Amino acid sequence: MDGMGRIITLAERKAAIVERKRQGLASLRPALATYAREHDGRFLLFCSAARQAMRRDSDVDVLTDFPESETAAAWQFAERACWDRGLTPDIMPVAWCKPDFLAHIQADIEVIE
Amino acid sequence: MSETDWIEIDRAAASAVSNFQRGIQFARHAGFRTGDLIGEALRLGFMHAIQAGHTSLENALVRILDLIDETRPRGETWHADLIGRAGQALSHRPAILPRDLAAAADETRRFRNRATRAYDNFDPDRIEPTLSAAATLERGLPAALAAFRQAIDP
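From first to last, the protein sequence lines are chains A and B.
The opening residue of the first sequence carries number 1392 in the working numbering; numbering runs sequentially from there.
The opening residue of the second sequence carries number 54 in the working numbering; numbering runs sequentially from there.
None of these hints come from the bench; they were simulated from the model.
All values derive from a computational prediction rather than experimental measurement.
What follows is a list of derived Cβ distance ranges for each label pair: (1) A:Ala1486 / B:Gly92: 18 to 24 Å; (2) A:Ala1407 / B:Gly193: 44 to 50 Å; (3) A:Val1409 / B:Ile205: 43 to 49 Å.
Heads up, the beta-carbon is just placed ideally off N, CA and C, and yes, glycines get one too.
Put together the whole structure using the sequences plus the hints.
Right, dumping it as structure tokens:
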């Protein structure tokens, strides 16, 4: 195949995406922490983002835990913060979650505050 | 522009209003919080109605952008950007939605995320912000779109 550069394998492409997500997540944490401190609340990462196990198609699962009057703004901040870093957010306020759901994910929660 | 330019927009807006109204009715039904089949049906109906209402609202807004040759928001952020754009006045047009309606639309957008991903995690006691947003849109959307139409297509 004359003129063709080195073929980038599917595995390499997937690894590059995972690395970009890992870097995005690394810069997301301090951004969320700063916002949380300034707005009297906290964010909870869970599932693969909290386990440091992001895959190519992983979302960033985030629970917002803020006073109700701050919930919409916290959601919007987290959403934009993910998008700005090439991450796909899946956001939910803690207040919307049933206790059995919170118990189910308890082992995988990373608190950012 | 002519009457026909607005037919699909009006239809989408009417669908949004109708679905938001229905969602409010479901949530205010006496059986909404019960553990039986009727309660489950009402809660599922509420989630579906708000999702359908918001999707119809998006449909109306996108058609308005098309009508005035304004580029649609693109990419993963388009749902949020569409509401942001609709709430913003630009040099060539007023805001499509006044600030309170844009905020309400962002609430129903976020509820859609909840309804499509929460599975069995839905708590009927935590719907007040969404209910309030649906009521705001149901009451205010027709007049807001009529005012926008009057401004750009008198």
